[in-house]
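K.L.:
The lines below spell out each chain.
Protein chains: 2
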Amino acid sequence: MEHIQGGVCAAKGFMAGGVHCGIRKNKSKRDLAMIFSAVPASAAAVYTTNLVKGAPIYVTQRNIANGVAQMAICNSGNANTCNADGEAAALQMCRLAAEAAHVKPEDVIVASTGVIGQPLPIEPIANGVAPLFASLSDHGSAEAAEGIMTTDTRLKEVAVAFTASGITCRLGGIAKGSGMIHPNLATMLVFLTCDAAISPAMLQKALAENVKDTFNMVSVDGDTSTNDMVSIMANGMAGNPTIDGEGADYNAFCEALNEVTTTLCRMIAKDGEGASRLITCRVEGGKTVKDAKLAAKAVCCSSLLKAAIFGADANWGRVLCALGYSGADMDVHKVDVSFRSAMGIISVCEMGAGVPFSEEDAKTILLEDEIEVLITLRDGDACATAWGCDLTYDYVKINGDYRT
Amino acid sequence: MEHIQGGVCAAKGFMAGGVHCGIRKNKSKRDLAMIFSAVPASAAAVYTTNLVKGAPIYVTQRNIANGVAQMAICNSGNANTCNADGEAAALQMCRLAAEAAHVKPEDVIVASTGVIGQPLPIEPIANGVAPLFASLSDHGSAEAAEGIMTTDTRLKEVAVAFTASGITCRLGGIAKGSGMIHPNLATMLVFLTCDAAISPAMLQKALAENVKDTFNMVSVDGDTSTNDMVSIMANGMAGNPTIDGEGADYNAFCEALNEVTTTLCRMIAKDGEGASRLITCRVEGGKTVKDAKLAAKAVCCSSLLKAAIFGADANWGRVLCALGYSGADMDVHKVDVSFRSAMGIISVCEMGAGVPFSEEDAKTILLEDEIEVLITLRDGDACATAWGCDLTYDYVKINGDYRT
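Chains A and B, in that order, are what the protein sequence lines are.
For the first sequence, my numbering gives the first residue as 1, with consecutive numbering after it.
For the second sequence, my numbering gives the first residue as 1001, with consecutive numbering after it.
The shape of chain A in the complex, shown without the other chains (with noise of 0.2 Å):
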């Protein structure tokens, strides 16, 4: 397996491209993404848990249901979301996709981002999805993963090439996502793209297997959005026998799957809004897999230890905080903890108290971009990463008047 250029477009006969069509006041901001498989391809998606779901969740739903799709389109600057007509518009969205591409309304991914309860203005995307599908390259992965973003600063977008059979495939997708994310389910948006044959049934498999592991343990601030998706498409351009069951092939596409997602896990954490550091949290020697996964999340998640990295400041006294009240089944008097990054590692609590260490080493190590809290139980074999961010004055100035 390796890293490859093209995001979404990076596997054989996607297209992809975005535009501003007007939903947004900012004109140099595109607005209007869409995917498209020259051929209609195998479907999967997981969805937020939030009961408050936007439209198109729904219209996404019954349209997979049969496991196919041709193509994504998706808008940000609105989540049509908690509004009065919002699932004819998703309806509409689609349509007006399917129009411009010649295929079924019921083969396109519909999904919404941004601003919850304002009516979807349907005119800039009947206005602008002609345009769109015209500008549709194997080389617009990055318009599509700008047409998506919302308050992100960064582009989204990963590929890899991995062999299924002897044949090589490849697997890329984009995301966006930087506020209102925390572990449930999907939590943000995220399209992938395939060209490995695989059923419908093996594919929805191995995402919502994978996502437990990725983007359910990737939290910015707590809040469980009420748009999110994964979806997957896979059209079997590349050639490889159908996967359609358990063993190598299927093997390799998860592990290119992890790769992708978890990489787009990574980009989205720091890529938190207003985040200046990327957290990962690594727990070992959990007594159960749950264990670990509570413990990483609680810590990633804890706004006083998110503070405190931002400050550069090694209060692991915030870590033995969390993971006390993370409902993890441990021995709180057998943890260690440390702190990591390229500039080295140092060691600050062992079996669940404080040991001396410089504060002027420790402050080195906080300062990089990218810092990994280590933690192990001493309670058993399993273990657990998750990624956050710290807590900055920007989130709170970007969530302070964010609809203006």
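No lab work stands behind these hints: they were computed from the structure.
Wrong hints could be hidden among the right ones.
What the hints assert, rightly or not - Pulled from the structure, derived: some chain A residues nowhere near chain B, Cβ distances all over 12 Å:
# : residue
1 : Gln61
2 : Arg62
3 : Pro124
4 : Thr226
5 : Arg282
6 : Met343
7 : Asp369
8 : Glu370
Claimed, not checked - Residues from chain B shown here face chain A by an in silico Cβ test under 7 Å; the list is partial:
#  : residue
9  : Cys1082
10 : Phe1310
11 : Gly1317
12 : Val1332
13 : Gly1400
Glycine residues also receive a C-beta, built at the ideal position from the N, C-alpha and C atoms.
Given chain A's structure and the hints, the job is docking chain B onto it.
P.N.:
Below, chain B alone, put in the same frame as chain A:
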């Protein structure tokens, strides 16, 4: 029942005080507090549910297991948590206080608050306890309240008078709490005193019931502290017939207790770290009390909503989002949301969807320093109230470099 002056000294026979003993570097900040009852008192307490507990928690639990205490000692500046000899230090605090007051060490309630994971130096306390005891007075509540403060910006004290069997009794309290506050049993340090005669069993029952609707419904930052404790001493000096069962006197006691604790809750939330606004979330029409509480707490805990309130932005979509992931059983299509303050009330969402409203009027309402988020679920008769505060630049500033 009426509000009266005096805090923890309002009840007959209680004296209090606070001094700077040297745990903190800042000599102008008192860091050691004491409350003393002229006679042994019925005692009860509730404690943090965090698995990581401060050493004083364990010592106090043992000391008041017999339902009796005569004094409380508490330092700020160091939590005496996650360090090697914490329990020895907490026991030593009890002995020092007991010696000064000529009571038994087992009749001392001990507490610490401040940085986690650093050894508690006992010398400042050993030197400070005698002058502290000598300084106790029946108007020393404010000094004690200052002695327990950490990042608090305001003293928190309150007292009421009530009648039991025709006898006037008094109940008062002091509290500290600003960060690391989240609903999960006691969530801060609170010392309550009362001169009513009440059995230890009824005192514990009243306190345990009360915190479910009061201190368990306050959140500043979602972090449950390691050192939380709410304690109460009732010395019987008012001369009422001992309350040893349910009835009118017990109800009067509970009502007074609720008035004091509710007032302290509002004070704590309003003085949350960096807070500029008190947020009170009132949920009505819940299917069960549990559902109403889950809903109210989720709204008060949402970082996104807290940041929006800081910005006086009527971003009610974030209220819906929080309700959706709260875990409460509800029909999100029947939810109404209004914002209210001293400047008026404005409806922003009805039946789960936005209604047109004046952004200008909303801004005027949200610029007040006490904001109510009113939610109607139309699912039943259950109600709940939660308290929180906005998320501001200062929260990040305070916690970015807490230890220095």
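K.L.:
Decide, hint by hint, whether the structure agrees.
P.N.:
To see whether the hints hold, each was checked on the structure:
no.: 1; hint: Gln61; in the structure: holds (16 Å)
no.: 2; hint: Arg62; in the structure: holds (18 Å)
no.: 3; hint: Pro124; in the structure: holds (19 Å)
no.: 4; hint: Thr226; in the structure: violated (5 Å)
no.: 5; hint: Arg282; in the structure: holds (20 Å)
no.: 6; hint: Met343; in the structure: holds (19 Å)
no.: 7; hint: Asp369; in the structure: holds (16 Å)
no.: 8; hint: Glu370; in the structure: holds (18 Å)
no.: 9; hint: Cys1082; in the structure: holds (5 Å)
no.: 10; hint: Phe1310; in the structure: holds (5 Å)
no.: 11; hint: Gly1317; in the structure: holds (3 Å)
no.: 12; hint: Val1332; in the structure: holds (5 Å)
no.: 13; hint: Gly1400; in the structure: holds (3 Å)
Hint 4 from the earlier list is the only one contradicted by this structure; the remaining hints agree with it.
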